[in-house]
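Colleague: Each chain, written out:
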Amino acid sequence: MIKRAYFKSSYLPYLLILPQVLITLTFFYWPALQGLIQSFLLSDPFGQSSKFVWFYNYLEIFRDPLYLKSIVTTVVFSLAVASVSISLGLFIATMANRALQATALVRTLLIWPYAVAPAISGILWLFLLHPSYGVVALGINTWFGAEWNPVLNGNDAMIMITMAASWKQISYNFVFFMAGLQAIPKSLIEAAAIDGASPFKRFWAITFPLLSPTFFFLSVMNIIYSFFETFGVIHTVTQGGPGGSTNILVYKVYQDGFVGLNLGSSSAQSVVLMSLIILITVLQFKYVEKKVQYTG
Amino acid sequence: MRSARGKVVDTMIKNFNESQSEYVVVGTNKGNYDEVMNAGVAAFRAKKQPHILQVFEVGTQTMMMSGAIYPVYKLMSDTGNVVDWSNYLQAVLSYYMDADGNLMSMPFNSSTPIMYYNVSMFEKAGIKPLSKTEPITWDQLGEITKKLVDSGISPAGMVTAWQSWTQIENYSAIHNVAFASKSNGYEGLDCELTINNPQVIHHIEMLKEWTKDKRFMYGGQKYQGPKAEFIAQNAAVYMDSVSGIAKLKKAVKDFKWDAAPMPVEASMKKPQNSIIGGASLWVLNGHTKKEYEGVAAFFQFLASNEMQGYWHKETGYFPITTNAYNDLKEKGYFKENPLQAVGIDQLNRAVPTKISRGLRLGYFVQIRNIINEELELVWNGKKSPKEALDNAAARSNVQLRTFEKTYN
Chain A
1 MIKRAYFKSS
11 YLPYLLILPQ
21 VLITLTFFYW
31 PALQGLIQSF
41 LLSDPFGQSS
51 KFVWFYNYLE
61 IFRDPLYLKS
71 IVTTVVFSLA
81 VASVSISLGL
91 FIATMANRAL
101 QATALVRTLL
111 IWPYAVAPAI
121 SGILWLFLLH
131 PSYGVVALGI
141 NTWFGAEWNP
151 VLNGNDAMIM
161 ITMAASWKQI
171 SYNFVFFMAG
181 LQAIPKSLIE
191 AAAIDGASPF
201 KRFWAITFPL
211 LSPTFFFLSV
221 MNIIYSFFET
231 FGVIHTVTQG
241 GPGGSTNILV
251 YKVYQDGFVG
261 LNLGSSSAQS
271 VVLMSLIILI
281 TVLQFKYVEK
291 KVQYTG
Chain B
1 MRSARGKVVD
11 TMIKNFNESQ
21 SEYVVVGTNK
31 GNYDEVMNAG
41 VAAFRAKKQP
51 HILQVFEVGT
61 QTMMMSGAIY
71 PVYKLMSDTG
81 NVVDWSNYLQ
91 AVLSYYMDAD
101 GNLMSMPFNS
111 STPIMYYNVS
121 MFEKAGIKPL
131 SKTEPITWDQ
141 LGEITKKLVD
151 SGISPAGMVT
161 AWQSWTQIEN
171 YSAIHNVAFA
181 SKSNGYEGLD
191 CELTINNPQV
201 IHHIEMLKEW
211 TKDKRFMYGG
221 QKYQGPKAEF
231 IAQNAAVYMD
241 SVSGIAKLKK
251 AVKDFKWDAA
261 PMPVEASMKK
271 PQNSIIGGAS
281 LWVLNGHTKK
291 EYEGVAAFFQ
301 FLASNEMQGY
311 WHKETGYFPI
321 TTNAYNDLKE
331 KGYFKENPLQ
341 AVGIDQLNRA
351 VPTKISRGLR
361 LGYFVQIRNI
371 INEELELVWN
381 GKKSPKEALD
391 NAAARSNVQL
401 RTFEKTYN
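Protein chains in written order, with the working numbering: chain A, 1 to 296; chain B, 1 to 408.
One or more hints might be untrue.
[Claimed, not checked] Keeping only pairs whose Cα atoms sit at most 30 Å apart, straight-line, the calculated DSSO-like set for lysine-lysine is: (1) Lys69(A) / Lys354(B); (2) Lys51(A) / Lys147(B); (3) Lys69(A) / Lys386(B); (4) Lys383(B) / Lys69(A); (5) Lys182(B) / Lys51(A); (6) Lys51(A) / Lys69(A); (7) Lys69(A) / Lys405(B).
[Stated by the list, open to error] Computed list of chain A residues with no C-beta within reach of chain B, every gap over 10 Å: (8) Val53; (9) Arg98; (10) Gly154; (11) Gly196; (12) Gly244; (13) Leu261.
What the hints contain is simulated information worked out from the structure, not anything from laboratory work.
All residues carry an ideal CB built from backbone N, CA and C; glycine is no exception.
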């Protein structure tokens, strides 16, 4: 006897997934389609006139050397954010996983920053690192004699937004690594310890491979996070400056579309951005996932 | 408009509603300028547009070309209101006129940049206080800032807020140098930026030179950074909009400060008016005649001496009519508040020319961003002033061509 539930009628399953499909169609596919159509048009914001211009908007953005620079900036920024926040998240999770007295408290406190919105995180870091009124910036410049000036120096600005964007993401990564670590059977590690493996060796030979699904999942999530959700950080901290050195793609879409009301160009940029993120995710699944070991 | 200024607007609306029984005005706050513009666009597309939309000055061209507006001069004549436009501050009005001198939108909140300076530091260095009406020259400012920095009285000389607006747009207007061809874009969408002219290049070169000995310090694109430097006494001179008066009054406790007109090149014997920033009120299409009569009545009410006086006193934005200005003057207001006269005098010191009346550019927001970006590359030494301004003009022209293509 088959214990599996099955549906006799052919339309019921469709009916059951209908709400989900409708929501996806209305809130994802429809706007995405609108964006796609808009990217082939030149139109005034009030929608009084619009013209079909084929690939004019696409040609214009790729002809713009600053757009290409913005792609590079975005890639550098997202790699920096993903590697900083994943490595620190993993480090803290490994530390916190040891039996501490106040484990619950430590864990709770470490998760808190995730509740902070990116824009707020940006403001907090700005108050620390702004050359005119930042407390830490003042310290760096007076005690260390360094020339810390993110308002003028592109690299300083990049470091500042990377810190602000990574800081809150560390907590997110921490939670997942923590859960991953808890799922690793103690017996494996103990067996290795008996065999004389050092803590470092145990981590690389046992813990790390067993964490690889978490690691993979987080790398995808962090890249997507740094592509899109860091908007708030950029908006509050640098507004893309100085000299466009922190102008990541999603911020450029906002500036050209929402502020500048150039809907065609900003739609074309959105389409490029969307294609880019799809490409990256596909590549991640195709190549990186092969190295992931899922325990059954 | 938000917070304190928002309350002033609410009071004006309330006064209007109470002054007559025929019309009721309802004010809604949709956020900052960008958000208001987008809310207006969305409402218009949904055919639920308001009668009046407040739009910042850089959106003027977009609004004019939108086909969604009812020009104010037309609204006034269609509804039988006779308005003596010569009674308005011309430098304010001209920003919102078309090439033929017809007023497209109603000026509302207007400001202009002036130069604030630290009086305590000036005294310490033995520098005389500056005149409130006669501008000093840029060379003089160079000497003053040199004295202040060399003597160690101030860590840096000058800072400026809104660099594109103060150092290029207003600099060009004051010196009657075209910012763009076709009379700054008033006479055609096929205009091109001309900011890479020798005079502006020279000005930026001078500022770049000043950064080397700290006579000029770059504090960021907006006003927060530069303002903080001025308040912390890291810089002795600070250029910003007249709306800075209220901000400084609130924040500065431990030193004396004052304001003067923006500096002028020595070669410019009769400097032009500076240009404004701020926003104006646009009337949108698609409502009934009766309702438009209400809008016209509301505009007339706003332009009254009483409302303009109240508006100016509460917010520091300029009164838009000379009547209201004279009214305030007669009541001795400017004697008591000499700071407030600095900007108005600077606006009124000359009849606006085709070049100093304002700027009319498509995608002006993007163009300002481009200018900001390129100037930052000058300040951090990546580009020479000429390269940066050439590049800014070239990049802006691409934006202008796209804008032109959209409407042709």
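Colleague: Grab the minimum beta-carbon distance between Gly154(A) and chain B and tell me whether it stays above 10 Å.
Modeller: Violated: least Cβ distance 7 Å, not greater than 10 Å.
Colleague: Any Cβ of chain B at or closer than 10 Å to Gly196(A), or is the non-interface label fine?
Modeller: Its Cβ never comes within 10 Å of chain B, the nearest being 56 Å, so this holds.
Colleague: Compute the least Cβ-Cβ separation between Gly244(A) and chain B, then decide whether it is above 10 Å.
Modeller: Answer for Gly244(A): violated, closest chain B Cβ roughly 5 Å.
Colleague: Can the restraint linking Lys182(B) and Lys51(A) be considered satisfied, given a maximum Cα separation of 30 Å?
Modeller: Holds - the C-alpha atoms of Lys51(A) and Lys182(B) are around 25 Å apart, at most 30 Å.
Colleague: Within a Cα-Cα threshold of 30 Å, do Lys383(B) and Lys69(A) meet the stated pairing?
Modeller: Holds, at roughly 16 Å.
Colleague: Examine each Cβ of chain B, and state whether all of them lie more than 10 Å from the Cβ of Leu261(A).
Modeller: Answer for Leu261(A): violated, closest chain B Cβ roughly 6 Å.
Colleague: Val53(A) clear of chain B by more than 10 Å, beta carbon to beta carbon?
Modeller: violated (8 Å)
Colleague: Tell me if the straight-line CA distance from Lys51(A) to Lys69(A) falls inside 30 Å.
Modeller: Judged against 30 Å, a Cα distance of about 29 Å means the pair holds.
Colleague: With 10 Å as the threshold, tell me whether Arg98(A) passes as away from chain B on beta-carbon distances.
Modeller: holds (44 Å)
Colleague: So if I understand the rule, the pair passes when the alpha-carbon distance is 30 Å or less; does Lys69(A) with Lys354(B) pass?
Modeller: Measuring from Cα to Cα gives roughly 38 Å; hence the hint is violated.
Colleague: Taking 30 Å as the top limit, are the C-alpha atoms of Lys69(A) and Lys405(B) close enough?
Modeller: Between Lys69(A) and Lys405(B) the Cα gap is close to 26 Å, so the pair holds against 30 Å.
Colleague: Please work out if Lys69(A) and Lys386(B) have their alpha carbons no farther apart than 30 Å.
Modeller: Holds: Lys69(A) and Lys386(B) sit about 22 Å apart, inside 30 Å.
Of the hints listed earlier, those the structure fails to meet are numbers 1, 2, 8, 10, 12 and 13, in rising order.
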